[in-house]
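Engineer: Read top to bottom, the protein sequences are chains A and B. Residue numbering for the first sequence follows the working numbering, beginning at 41 and increasing consecutively. Residue numbering for the second sequence follows the working numbering, beginning at 72 and increasing consecutively.
One or more hints might be untrue.
[To be verified] Pulled from the structure, derived: some chain A residues nowhere near chain B, Cβ distances all over 10 Å:
| no. | residue |
| --- | --- |
| 1 | D96 |
| 2 | R104 |
| 3 | L131 |
| 4 | G151 |
[Stated by the list, open to error] Covered stretches of chain B (in silico footprint by chain A; criterion: 3 or more residues with CB under 8 Å from a CB of chain A, positions within the stretch not fixed):
| no. | segment |
| --- | --- |
| 5 | 94-101 |
| 6 | 175-183 |
I should point out that these hints are in silico values taken from the structure, not numbers from a laboratory. We treat Cβ as the ideally placed atom computed from N, Cα and C, and that holds for glycine.
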Amino acid sequence: GAGVSQSPSNKVTEKGKDVELRCDPISGHTALYWYRQSLGQGLEFLIYFQGNSAPDKSGLPSDRFSAERTGGSVSTLTIQRTQQEDSAVYLCASSPRQGRQGNQPQHFGDGTRLSIL
Amino acid sequence: AQKITQTQPGMFVQEKEAVTLDCTYDTSDQSYGLFWYKQPSSGEMIFLIYQGSYDEQNATEGRYSLNFQKARKSANLVISASQLGDSAMYFCAMREYTGNQFYFGTGTSLTVIP
């Protein structure tokens with residue numbers, strides 16, 4: 041079956057431009073996460089969607105970052121007025137709804153490598 | 072305070088030997104889950120193993136096992152019979168039942184030497 045799909049796989053853009061990153065989660069997965077991974081670093085949580093609930097935006101680093109999830113499926117992460125420090129790999133993950141044990145692992149896409157010139 | 076701490080930035084192991092990757096965590100929740108992921112140089116994140124806070128037995132998945140010491144708040148990953156393909160970054164993560172986030176450590180880079 042299809043895994044988490046992210047597009048584009050690579051994006052190079054000039055400083056100040058807006059970018060949109062897309063994530064198509066595994067069918068039936070109600071939870072969707074966005075992370076940022078800078079070179080050689082761990083994963084930085086950005087935002088979390090669960091079904092139709094209000095998203096957890098606590099990880100967004102600035103108001104230049106926003107995300108939406110349409111119809112409980114596809115999600116778009118938008119970065120406005122990009123800065124060089126936004127250069128990173130942006131990873132999307134999805135999981136089934138967590139049960140009491142919270143034992144559902146996340147399934148990750150291959151990421152979008154964003155480079156700001 | 073860091074939720075997940077991985078103190079070994081880099082590790083080396085001889086092929087066919089066992090290796091332990093350390094992970095300690097910080098939570099006041101009683102219900103939580105611990106996860107290990109592998110990230111090869113190609114970049115994809117691969118789920119390896121899960122341990123629930125109420126699980127009495129250490130989790131095992133093939134050559135991977137989790138040495139869970141709840142009182143010490145540690146969840147070390149043990150890889151037995153290392154293979155060259157095990158060379159990768161390894162991330163420990165935790166999810167608290169009361170929250171939404173998965174907290175990730177900074178990772179350990181494992182190199183398997185032939």
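Engineer: Can you name, in rising order, the numbers of the hints this structure does not satisfy?
Structural biologist: Violated: hints 1, 3, 4, 5.
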